[in-house]
Amino acid sequence: MDYDEQGTITAIEKDLRTRVAGMGIRVGKTLRMVTKQPIKGPVDVIVDGAETSLGLDMAEKITVDVV
Numbered sequence: 001m002d003y004d005e006q007g008t009i010t011a012i013e014k015d016l017r018t019r020v021a022g023m024g025i026r027v028g029k030t031l032r033m034v035t036k037q038p039i040k041g042p043v044d045v046i047v048d049g050a051e052t053s054l055g056l057d058m059a060e061k062i063t064v065d066v067v
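If you count by full-length UniProt numbering, then the sequence shown holds residues 1 to 67, one letter each, in order.
Derived from the structure by calculation, the hints contain no laboratory data.
The C-beta atom is built at its ideal place from N, Cα and C for all residues, glycine as well.
Accuracy of the hints is not assured; some may be wrong.
Restraint-style ranges between C-beta atoms, simulated for each label pair [claimed, not checked]: (1) Gly7 x Ser53: 13 to 21 Å; (2) Thr18 x Pro38: 24 to 32 Å; (3) Glu51 x Thr8: 12 to 20 Å; (4) Lys14 x Pro38: 26 to 34 Å; (5) Thr30 x Lys61: 26 to 34 Å; (6) Ala11 x Gly55: 14 to 22 Å; (7) Asp65 x Val34: 15 to 23 Å; (8) Glu60 x Gln6: 17 to 25 Å; (9) Arg26 x Gly55: 28 to 36 Å; (10) Glu13 x Ser53: 16 to 24 Å.
Between the sequences and the hints, there should be enough to build the whole structure, so can you do that?
Encoded structure:
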């Protein structure tokens, strides 16, 4: 995903599901990327109006169908 793109979450790797569920990040939700820091930095996303940061390693385990 690139900056300011939006899409629907289609898959989350099993080992991450419980951890991100508390952030409102679940399969079927709409996610928008707000910022992506360079050199393996964090990714800021908005889900259900709430902004949160994910480490790049976490973000890479979430599959999004970009609209």
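Please flag the earlier hints that this structure goes against, numbers listed from lowest up. Violated hints (numbers, rising): 5, 9; every other hint is consistent with the structure.
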